[in-house]
Amino acid sequence: KQEVTQIPAALSVPEGENLVLNCSFTDSAIYNLQWFRQDPGKGLTSLLLIQSSQREQTSGRLNASLDKSSGRSTLYIAASQPGDSATYLCAVSGSARQLTFGSGTQLTVLP
Amino acid sequence: EAGVAQSPRYKIIEKRQSVAFWCNPISGHATLYWYQQILGQGPKLLIQFQNNGVVDDSQLPKDRFSAERLKGVDSTLKIQPAKLEDSAVYLCASSNRDRVDSPLHFGNGTRLTVT
Numbered sequence: 165k166q167e168v169t170q171i172p173a174a175l176s177v178p179e180g181e182n183l184v185l186n187c188s189f190t191d192s193a194i195y196n197l198q199w200f201r202q203d204p205g206k207g208l209t210s211l212l213l214i215q216s217s218q219r220e221q222t223s224g225r226l227n228a229s230l231d232k233s234s235g236r237s238t239l240y241i242a243a244s245q246p247g248d249s250a251t252y253l254c255a256v257s258g259s260a261r262q263l264t265f266g267s268g269t270q271l272t273v274l275p
Numbered sequence: 135e136a137g138v139a140q141s142p143r144y145k146i147i148e149k150r151q152s153v154a155f156w157c158n159p160i161s162g163h164a165t166l167y168w169y170q171q172i173l174g175q176g177p178k179l180l181i182q183f184q185n186n187g188v189v190d191d192s193q194l195p196k197d198r199f200s201a202e203r204l205k206g207v208d209s210t211l212k213i214q215p216a217k218l219e220d221s222a223v224y225l226c227a228s229s230n231r232d233r234v235d236s237p238l239h240f241g242n243g244t245r246l247t248v249t
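Going down the list, the sequences are from chains A and B. Counting along the first sequence from 1, when you hit position 37 you're at 201 in the working numbering, and nothing is skipped either side. Counting along the second sequence from 1, when you hit position 58 you're at 192 in the working numbering, and nothing is skipped either side.
Take these hints with a grain of salt, some might be off.
Cross-link-like lysine-lysine pairs, in silico, DSS-like; alpha carbons within 27 Å at most [what the hints assert, rightly or not]: (1) A:K165 - B:K196; (2) B:K145 - B:K212; (3) A:K206 - B:K149; (4) B:K217 - A:K206; (5) B:K178 - A:K232; (6) B:K149 - B:K212; (7) B:K178 - B:K217; (8) B:K212 - B:K178; (9) A:K206 - B:K212; (10) B:K178 - B:K205; (11) B:K178 - A:K206; (12) B:K145 - A:K206; (13) A:K232 - A:K165; (14) B:K149 - B:K205; (15) B:K205 - B:K217; (16) B:K145 - B:K217; (17) B:K217 - B:K196; (18) B:K178 - A:K165.
Just so you know, these hints were derived from the structure itself, not from any lab. Fair warning: this is a prediction, and the values are worked out from it, not measured in the lab.
Please put together the full structure from these sequences, using the hints given.
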């Protein structure tokens with residue numbers, strides 16, 4: 165059974181800092197990995213999707229990497245802003261496209 | 135494109151009552167999912183549909199939960215009777231399974247409180 169762990173559970177940083185969120189998974193037989201953002205009272209917004217054959221994906225100030233063999237992914241956020249404050253969720257997909265989620269990292273960027 | 139629509143946004147019921155949630159996925163998305171998200175946790179898959187057929191409902195508590203997807207479009211999720219531990223946000227998501235790079239698109243969810 166796939167298990168996804170995210171560390172840390174919460175993170176608070178001053179504006180402008182670069183930061184890294186970590187995600188690990190137990191079964192390396194994945195189809196893809198997605199990073200989501202969740203704002204309070206809202207649904208999930210997909211940020212980046214990395215196929216199992218890829219090593220990384222970039223979108224603006226976000227960069228996600230995937231090391232399937234070690235069961236790890238990182239989300240790098242450059243030059244953080246208060247608007248980045250949210251919960252970030254990592255999820256891995258098996259062949260049936262079902263996602264198994266981690267519990268998330270709650271990020272607070274202080275002005 | 136219009137996003138995934140869910141209703142209602144909030145629902146408060148007493149235990150042992152019944153409740154139903156509705157989801158309209160993105161047009162053309164054949165795959166539809168219902169997730170349960172308990173406060174402080176990541177979403178947990180309840181059921182996955184491909185068109186109007188069930189792909190996986192292994193984590194759906196079938197003694198009290200049921201779901202259907204009529205004509206391969208809209209879906210409803212029902213709880214009867216509700217328990218206190220069912221208090222959670224119920225998220226609907228859809229995807230275009232035919233595209234390998236297609237992410238899941240989520241609705242804003244229905245927040246259920248069982249008292």
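Hints and how they fare:
1. A:K165 - B:K196: holds (21 Å)
2. B:K145 - B:K212: With Cα atoms ~13 Å apart, B:K145 and B:K212 stay inside 27 Å; holds.
3. A:K206 - B:K149: holds (25 Å)
4. B:K217 - A:K206: This hinted pair holds, its Cα atoms lying about 24 Å apart.
5. B:K178 - A:K232: holds (22 Å)
6. B:K149 - B:K212: Holds, at about 14 Å.
7. B:K178 - B:K217: Answer holds: B:K178 to B:K217 is near 17 Å, not above 27 Å.
8. B:K212 - B:K178: holds (16 Å)
9. A:K206 - B:K212: holds (21 Å)
10. B:K178 - B:K205: Satisfied, since the Cα-Cα distance of roughly 25 Å is no more than 27 Å.
11. B:K178 - A:K206: holds (16 Å)
12. B:K145 - A:K206: Given pair B:K145, A:K206 holds - Cα atoms ~15 Å apart, limit 27 Å.
13. A:K232 - A:K165: holds (16 Å)
14. B:K149 - B:K205: Violated, at about 32 Å.
15. B:K205 - B:K217: Given that 27 Å is the threshold and the Cα spacing comes to 30 Å, the pair is violated.
16. B:K145 - B:K217: Satisfied, since the Cα-Cα distance of roughly 14 Å is no more than 27 Å.
17. B:K217 - B:K196: Between B:K217 and B:K196 the Cα gap is close to 14 Å, so the pair holds against 27 Å.
18. B:K178 - A:K165: holds (13 Å)
This entry does not satisfy hints 14 and 15, going by the numbered hints stated previously.
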